[in-house]
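A.B. asks: Protein chains in written order, with this note's numbering: chain A, 7 to 298; chain B, 5 to 433.
Bear in mind the hints are in silico, worked out from the structure with no lab data behind them. Be careful, since some hints might not be right.
As the list claims (entries may be wrong) - Lysine-lysine pairs mimicking DSSO-like chemistry, simulated, CA-CA at most 27 Å apart: (1) Lys166(B) / Lys143(A); (2) Lys107(A) / Lys79(A); (3) Lys285(A) / Lys236(B); (4) Lys89(A) / Lys65(A); (5) Lys79(A) / Lys143(A); (6) Lys254(A) / Lys65(A); (7) Lys79(A) / Lys163(A); (8) Lys163(A) / Lys166(B); (9) Lys89(A) / Lys107(A).
What the hints assert, rightly or not - Simulated coverage check for chain B against chain A, where a stretch passes if three residues somewhere in it have a Cβ under 8 Å from a Cβ of chain A: (10) 241-249; (11) 309-321.
Here a beta-carbon is modelled for each residue, glycine too, at the ideal position from N, C-alpha and C.
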Amino acid sequence: MIRPIGILAGLFFTLAVLWSFANGAWIAATEGLGEATAEHEFHRAPEPLHLASDGVFGKFDKAQVQRGYQVYKEVCSACHSLKFVAFRDLAQLGYNPAQVKAAAASWQVPGVDPNTGEANMRPGLPTDYFPSPYPNKIAAAAANNNAIPPDLSLMAKARHGGAAYIHSLLTGFQPQPAELLEKFPAAKTPPGLHYNPYFANLNLAMAPPLVSEGQVTYGPGNPKPTIDQMSTDVSAFLAWTAEPTLAKRHQTGWPVLGFLLIATILAYLAKQQIWAAVKPKKKAVTGSKSSD
Amino acid sequence: MSFPWARQYEPTNGLMKFLDEKLPLPRLVYDAIGAGYPVPRNLSYMWNFGVLAGFCLVLQIITGVVLAMHYAPNSLVAFSSTEHIMRDVNWGWLMRYAHANGASFFFIVVYLHIFRGFFYSSYKAPREMIWLLGVVIFLLMMATAFMGYVLPWGQMSYWGAKVITGLFGAIPLVGEPIQTWLLGGFAPDNAALNRFFSLHFLLPFVIAGVVILHIWALHIPGSSNPTGVEIKTEADTIPFHPYYTAKDGYGLGVFLLIYCAVLFYLPNYMGHPDNYIEANPLSTPAHIVPEWYFWPFYAILRAFTSDFFIIPAKLMGVLAMFSAILVWFFLPWLDRSPVRSGHYRPLFRKFFWFGLIPAMAVLFYCGGAPAEEPFVMLSQLATAYYFLHFLVILPLVSSIEKPEPLPYSITEAVLGTDKQAVLGENTAA
Ligand code: HEM
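Working from the sequences, and respecting the hints, build out all of it.
C.D. replies: Here's what the structure looks like:
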């Protein structure tokens, strides 16, 4: 009974899905496989970026991440928050407690006046988190052509390509290619948006934030703050904010894998020894007597 | 099964004798996974995955309980409590990555376990109950994994929950009230998150209970084996301990090596970047995809793009997606070939390797791809094959196929000879 019903049910699903297939094939034959779009043709995958934190031995380059922090502070923080990072976390970048305190105090965070109870701004403490530049989402959207600048804490994990994507995005602003406008006149970048082939739909509301060499002044002993250098540094900083525990993860893995490798080899040898008695010595041929 | 030659447990000291009289737990272990359980001597490494699945379940429960100590199931703070675990909780990143990747590896292991069952037709008599309980476990695992993925309350959590619970809306008449009732609202929100957390905590223990039944049912006929020929004499068996404890120990080592390599060096490889963006009901991600282990079924769901007579396309997709797993329940009765192992079934084997496996691969790939051509058309063809395979091809093949000659016994298959071998008694199992 089950088999006839099963066969009927099988044919039912098969026919239903082939019916969908036939409809799809008809549409594909008469109208083609979907229309070409500007995004399909002009979107670019992020260019490779090599950071010290990459790879299985990767650690953060603290000097570089410190420079990236400076870029974030002086440029990006005007629009982007960093809400999952606290000032105390800066200690991981090699700052001593006094420096962390000073760094925190250089930011204004929302507070409460101890005398009147009214909301005010006060210098940050190491336990505070990075403040948001806008009081609320409406203010953020109003100031940015209706787009809310996203929080950057996890940006390096929240996009395909990670830090490399951020670097490509920051260095990828350019005029719209003439070829694109020729092919897709309707895809002209709307006023207030900026063309960037690394952004998913090619036009984003962020104006190029890093526009000139020396926009941020690096201390002595640091590389020249070219646009590419600043972009790389801030990408390295955001790789750190996205996963401050990354270096520890990389370091912890090796002893664990080493231990497991030795344990697995021992387990294999133990298994071989235990099985030696019952394994046929040679591949036996049918009919011949086994050797044991 | 208690084969007559199974070794008997002998308590060796006073304490063990006492225990054996009052609560014979050591005897249970001895008979279940010790020297008192005779097992076919020829099990291949494909028989390692049951034990590995059990290991994964324990791993998920342990890491999950620790995560639940720090996680806050409230839609306002769920996302940041997850980041708190990643950043501030000691070894929290390890627990979270271990749990998230543990779920993926659990599915890898269970898929291999299930496909072992397909190839060796482990579902056939006398093992139908083991198989049925297995399918129940798989359904429970899918529910658990789905609800677990909602908990971090990222974009994919939210939109995945919305799409999947939206499927209930496809049921005629009662669909929408059911959906609202399940979610505790019109869209996923705090109420849904809270109940998902509660159920996500509960279900693994339900799974553990069904696993106990699964293994109990396994011990009645005992394991099958790569020849599919049943145990005939003591020579066909070896005690589970030390032989298979040692083999499973080695298998566990290899599993842990691969798992830890991913855990420490590619922990986000099997995840989706959008889940690092906090849930936002006002912003729909460009492509909503579930976790990779749902892709084949998601592809089946999306393959139905046209209404079929009076059945709306969406309902058809939902029916097909659930049926794709429900058909597994009927396998023991659909496949009537008396031969179990695919090694001796020439026609079945061709359909397995050149039909089912490629169809599953296509469904897997298309389920993760955007709902565009050519992926939709490919998944439609693969879906057609999927249903044909289980519901039409298997029953027909089992009637027309001429199996290859089977070895007389497991011993003969291993050693090339069996002293008890009697010519002419080489019957199909
Ligand atoms: C939590 C998940 C599961 C656990 C812990 C588990 C555990 C086990 C164990 C320990 C065995 C014996 C060793 C082996 O044959 O690999 C076994 C056998 C078996 N399992 Fe599972 N299992 C799980 C899920 C499933 C699922 C989802 C299915 C099928 C849909 C399934 C079907 C079977 C069958 C048919 C056997 C007997 C195989 C034979 O003897 O040839 N199991 N399981």
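A.B. asks: Each hint: holds or not?
C.D. replies: Do the hints match the structure? See the list:
no.	hint	verdict
1	Lys166(B) / Lys143(A)	holds, 24 Å
2	Lys107(A) / Lys79(A)	holds, 16 Å
3	Lys285(A) / Lys236(B)	holds, 19 Å
4	Lys89(A) / Lys65(A)	holds, 23 Å
5	Lys79(A) / Lys143(A)	holds, 20 Å
6	Lys254(A) / Lys65(A)	holds, 8 Å
7	Lys79(A) / Lys163(A)	holds, 20 Å
8	Lys163(A) / Lys166(B)	holds, 23 Å
9	Lys89(A) / Lys107(A)	holds, 18 Å
10	241-249	holds (count 3)
11	309-321	holds (count 6)
Checked against the numbered hints listed earlier, the structure breaks none of them; every hint is satisfied.
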